[in-house]
Amino acid sequence: MFKRVAIVGATGAVGQDFINILQQRKLPMQDVVMLASARSAGKKITFGGTEHTVQELTDKSFEGVDLALFSAGGSISKTFARIAAAAGAIVVDNSSAFRMDPDVPLVVPEINPQDMTSHKGIIANPNCSTIIMLVPLWPIHQANRIQRVIVSTYQAVSGAGYQAMLDMEQQSRDVLAGKKPEPKVLPHITGFNLFSHNSDIGPDGFNGEETKMVHETRKIFHDPDIQVCPTCVRVPVLRAHSESMNLTLTRPITEQEARDLICRGQGLKIVDDRANNYFPMPIDASGQDDVLVGRIRMDPTVPDNRGLCLFVCGDQLRKGAALNAVQIAEKILEMGLVKA
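Going by the numbering used here, the sequence shown wraps up at 341, each residue one higher than the last.
In short, the hints are calculated from the structure, not lab data. Keep in mind that this is a model prediction, so the values were computed, not measured. From the three backbone atoms N, C-alpha and C, an ideal C-beta is built for every residue, glycine too. Accuracy of the hints is not assured; some may be wrong.
What the hints assert, rightly or not - Subject to a maximum C-alpha distance of 30 Å in a straight line, what follows is the list of computed DSBU-like cross-link-like pairs (lysine-lysine):
1. Lys27 x Lys44
2. Lys121 x Lys4
3. Lys27 x Lys79
4. Lys61 x Lys27
5. Lys340 x Lys79
As the list claims (entries may be wrong) - Here are the in silico distance ranges between beta carbons for each label pair:
6. Arg298 x Lys44: 17 to 23 Å
7. Asp175 x Arg265: 45 to 51 Å
8. Phe196 x Gln148: 27 to 33 Å
9. Lys340 x Phe196: 30 to 36 Å
Taking the hints into account, I'd like the entire structure generated from these sequences.
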């Protein structure tokens with residue numbers, strides 16, 4: 002059992018999901034402390050039937066804390082995660098601050114929980130798009146190594162935070178009313194529009210989200226040679242990311258073999274009703290823990306039956322962020338990694 006759990010960024014979109022999921026899954030803990038910026042300090046949050054006052058995050062916030070769940074952005078993590086770890090907490094960080102640090106495990110519990118045994122106080126939560134892609138790919142990759150993935154993402158605006166969701170709703174109202182929408186959070190109109198993911202474009206032409214998917218996949222799979230070519234796009238969806246994937250495998254595979262492997266995987270649900278043209282949709286994935294997998298079909302353009310196509314949807318605030326972090330916390334207890 003954890004003696005004291007700190008939620009850093011408790012008033013944000015992912016922080017709220019931390020709170021909901023911790024209560025739903027009944028993570029064993031004695032106490033919880035809600036932490037946020039000075040402007041959010043004093044707000045009230047009910048947890049386990051008890052009202053808690055949000056406290057301002059400072060370097061003294063982690064006394065007696067043995068688990069700290071961070072979701073307040075990379076700059077906050079870079080400033081406070083090592084302070085929390087030095088105070089004795091195991092930090093599960095949801096930002097990109099430590100993901101590619103060779104001394105920090107990057108963990109999806111369904112895939113590489115064993116990496117946590119080497120932690121030095123900080124465990125990184127992968128990017129939401131990476132998690133939603135890799136959970137369905139892992140059972141296939143274990144049985145028949147994936148050589149190459151071409152993936153296109155359809156990413157909900159909630160990945161940019163709660164204010165982005167409100168902004169898209171207002172823009173949609175403006176469009177329907179014949180008004181010109183004015184984006185306030187993301188750089189382009191999100192109402193009835195889509196655009197390249199809003200992360201910075203690198204010299205190779207790939208944006209930051211795409212680059213994360215490449216490097217994080219290799220680290221989590223322990224496969225530096227797997228080829229990943231992503232195209233990441235923001236779409237006018239409030240919640241849950243979708244991804245279209247085209248795989249090239251090492252050996253031949255049949256469609257039924259792929260289905261059987263996915264069925265044996267963890268955290269997955271097949272939604273693949275061809276007769277009724279019913280496949281994964283973000284509206285169905287929203288609020289769900291499982292990643293929905295469908296459009297399972299062979300790619301006839303890849304020789305020797307080594308090509309496979311999938312379409313998946315996952316709630317990026319849950320499995321893509323808060324749920325994955327809480328599952329890491331559960332594994333910490335299961336593996337006996339928490340300090341007595």
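Structure-inconsistent hints, enumerated in ascending order: 6, 9
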